[in-house]
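Build out the structure end to end from the sequences listed, making use of the hints.
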Amino acid sequence: MAKDLVCGMDVDEKAAKYKTLYNGKYYYFCAAGCKKSFESNPQLYLSGAGSKGHNCSCGCGGH
Amino acid sequence: MTCINCAHTIEKALSKLNGITQATVNLAAEKAIVNYNPDIVDQKAIEETITGAGYKVIHEKINLQVGGMTCVNCAKTIEKALNSREGVYNATVVFAAEKVAVEYNPDQISLAAIKKVIQDVGYTVVEPKPQEGAEDKARKHHIQRLKLLLTASISLTVPIIALMWLSPLPMEQTNILMFLLATPVQFVMGWPFYVGTYKGLKNKTANMDTLIAMGTSTAYIYSTVVTFSPKLFPNAAVFFDTATMIMTFILLGKLLDAIAKGRTSEAIRKIMGLQAKVARIIRNDQEIEVPIDEVIVGDIVIVHPGEKIPVDGTVIEGYSGVDEKVITGESIPVEKKVGDQIVGATINKTGMLKFRATKVGKDTVLAQIINLVEDALTSKAPVQRIADVASGYFVPVIIFTATLSALAWYFLVGESFIFALTVFIAVVVVACPCALGLATPTAIMVGVGKGAENGILIKSGEALEAVYKLKTVVFDKTGTLTKGEPEVTEIHPNKTFTEEQLLQLAAVAEKNSEHPLGAAILKKAKEKGLKVEDPELFNALPGYGVEVTYQGGTILLGNRKLMEANNLEIDNLEAEMTKLEEAGKTAMLIAVNGQVAGLIAVADTLKENSAEAVAKLKQMGLEVIMITGDNQRTANAIASQIGVSRVLAEVLPSEKASEIKRLQAENKVVAMVGDGINDAPALAQANIGIAVGSGTDIAMETGDIVLIKNDLRDVVVAIQLSRATMKKIRQNLFWAFFYNVALIPLAAGAFYPILHVLFNPVYAAAAMASSSVTVVSNASLLRRFKPKL
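Here the protein sequences come in this chain order: X and V. Residue 34 in this note's numbering sits at position 34 of the first sequence, with consecutive numbering throughout. Add 63 to the 1-based position in the second sequence for this note's numbering, that's all there is to it.
Bear in mind the hints are in silico, worked out from the structure with no lab data behind them. Hints should not be assumed to be uniformly reliable.
Partial selection, computed: residues in chain X whose CB lies under 8 Å from chain V [to be verified]:
#1 A15
#2 Y18
#3 K19
#4 T20
#5 L21
#6 K36
#7 E39
Straight line, CA to CA, 30 Å or less: simulated DSBU-like cross-link-like pairs of lysine-lysine [said to hold, decoys possible]:
#8 K594/V to K14/X
#9 K594/V to K17/X
#10 K587/V to K400/V
#11 K624/V to K558/V
#12 K586/V to K17/X
#13 K574/V to K14/X
#14 K558/V to K642/V
Note that this is a predicted model, so its numbers are computed, not measured. Note that CB positions come from ideal geometry on N, CA and C, so glycine has one too.
The structure is reproduced here in structure tokens:
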């Protein structure tokens, strides 16, 4: 399982609908909003400072 | 409404409403069709529901001028009549302004019906009439005034000459009679020259008015003294005829000049003549023909094949090819379907079109073009300013020469006072630099008009002047030299796929992408008639490409890095890919289910005439430079295709202007050719900004020269025309000076000792008038200009 770096949720790489590539590495997301947030500032989320946990606005409700 | 969801939201909200049997929303047409029971629910409730769901019901607004209202009650009558009609939301009459503002739904009530309501209650709707151009009106008035003054001047001058030659009365009476006739000419017809002189003196400059005022006043005052104090100059002749004839000739010259000026703007009138005279519109559910001025925004206009489109609008019904040659110069008809914009004065070729008028009168594209040309006509070229400054020096020099010659004849040669005075007047009058003032504006007017005829709008005289000195032409690459739209140029599949299969898979991958390269692939697939389905999953991978799931498998489309990230080897395609990239193309790799399947190359292609235009410019001795944000390799590839030797690559849009500045620092007069939006700063920085764009573009505002047609050969034509115009200006300046300078010695009496003929001031005035005519006719020769391509 991979972690959605934006909302902190666990995502199955195989079944993930949303993913992106950054520096040659794949990142997986639970929703389009998380993907967008990550793409707009990947460094922020990679450093861990951007993760908002269950309060994110991705619409997944942290689940 | 932005998406299909919005449409559902509205449908849902409406169907919940009591009394609605069916509600369908068409997203594309932005319309909701509602079947309802008017006993239970009314239109207002339906609209409130739509508004409540977060959308807007569009109302059209129109202001109508109403005639026949005598009191406030009339206003109330109109308001009541209109407000009771279905489709009218709100009608407010402003009694004082005689206006009624109507807010209505154009699908329910036509504008014509609204007007009919007003007429039915007994009032008239005053259709706004387009105003005659203020400039045109002023010119007509000016010509009229000059004609009147000239007629008066002639009818006073002829008797003076008759009295002079026939002398039916004793000399003293004759002189008094001539004085009476000459005085109004001197002070009424001559008044503008005194005003001009006064203004000039106030600014410490001398102009042609100074010369005329001085020359004629000298003749007049001297003659008056002779008439009333004959003892001072016994038996001396009077010069009343000279003064009046000079005035008459100058008035004639001014009239000819004014008429010529009117004539040179013929090109503009020619463009105006392209407009249709009548329009077929629907009013009261009937097709009627009305003069074009009566078409107002919102009218439904019908154009049959072969007819001219009267005003600008949006097609609401029909499909046809439209010949837009008058606006764009492109003679191949452009396809027009529902929703497309059409421009007035273009010709409907193949099918019937029904459209809603969006711009009429002074707002149409055609009217805007005419405006731009008119603005250019009133601007001054720097060479004209030089002429103005020169004549400022010229006048004092002439007065000095005239005084010196007169004094020399009187004191050194010992000629009579009258002789010396004649010399003085002759010199002052012949030197009048009025042809100098005409030299530049007439040529510019013809040049600009000629440009307009060829789809080249020259917006300032400065641009004309600068083009003459032009050394370097800088072309923006994307959208200017090239079409600005990438096209698929190569499809290179591995053995396992055919070209079509590869293209289809690539198209599926790019179906939901917003990338311009993706659009090129989809376009190609459509051209080939391939069926492109939606992928199950789509992921854009910024900086890499796209990854989609299609029929359970995975398609990857992107650059080398995308393949690397997926551990895919591209060895066998590497050579091909490098080759394509060196040719300035963008190659995209495609992998299907973990196997590299091939590559597709996309490139921005050249416009048809780019290479020809560049070759022609080089032949004309100009340096041609290409400027682009692309990398050096891509830029060089394109440059070699069109024959540009100097390339400024990897230039950010913000740096384009500073690159132009750098070229100017090399002491070059630089023209920048761009498509006007992202190139705007560079267009402004260049000595001449040449904007390429369609007539409807904002580009028209940016450049000094606007090429209406999307054809770079017009850069060549613009340069040729500017050069021809400047050549004419120089010739004209020569002719103006030639007359002035050549006749001065003659007027000063330099040939008197040989020919024993003194230059009569009257002939000086005639010569001066003819110099003006020469200059004006020389300028109109420019009308024969034909571009050499």
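Hint check results:
Because the beta carbon of A15/X sits about 10 Å from the nearest beta carbon in chain V, more than 8 Å, this interface hint is broken. At its closest, the beta carbon of Y18/X sits 6 Å from a beta carbon of chain V; the interface hint therefore holds under the 8 Å criterion. Evaluation of the K19/X hint against chain V yields a held restraint, the C-beta minimum of about 5 Å falling below 8 Å. With a cut of 8 Å, the hint placing T20/X at the interface with chain V holds, because the nearest CB-to-CB distance is about 5 Å.
Interface hint status for L21/X: upheld, as the beta-carbon distance to the closest one in chain V is roughly 4 Å, under 8 Å. A hinted interface residue such as K36/X counts as satisfied when its beta carbon comes closer than 8 Å to some beta carbon of chain V; here the least separation is about 10 Å, so the hint is violated. With 8 Å as the threshold, the beta carbon of E39/X comes within range of chain V, its nearest partner Cβ sitting at about 6 Å, so the hint holds. Restraint check for K594/V and K14/X: the C-alpha separation of about 28 Å stays at or below 30 Å, so the hint holds.
For the hint pairing K594/V with K17/X, the CA-to-CA distance comes to about 24 Å; that is within 30 Å, so the pair holds. Taken as a hint, the K587/V and K400/V pair is honoured in the structure, with Cα atoms around 22 Å apart against an allowance of 30 Å. Straight-line distance between C-alpha atoms of K624/V and K558/V comes to about 23 Å, which keeps the hinted pair within the 30 Å bound. Between K586/V and K17/X the alpha-carbon distance is near 27 Å, which keeps this suggested pair within the 30 Å criterion.
Of the supplied pair hints, the one linking K574/V and K14/X holds, its CA atoms being roughly 23 Å apart against a limit of 30 Å. A hinted pair counts as satisfied when its Cα atoms are at most 30 Å apart, and K558/V with K642/V qualifies at roughly 20 Å.
Checked against the numbered hints given earlier, the structure breaks hints 1 and 6 and satisfies all the rest.
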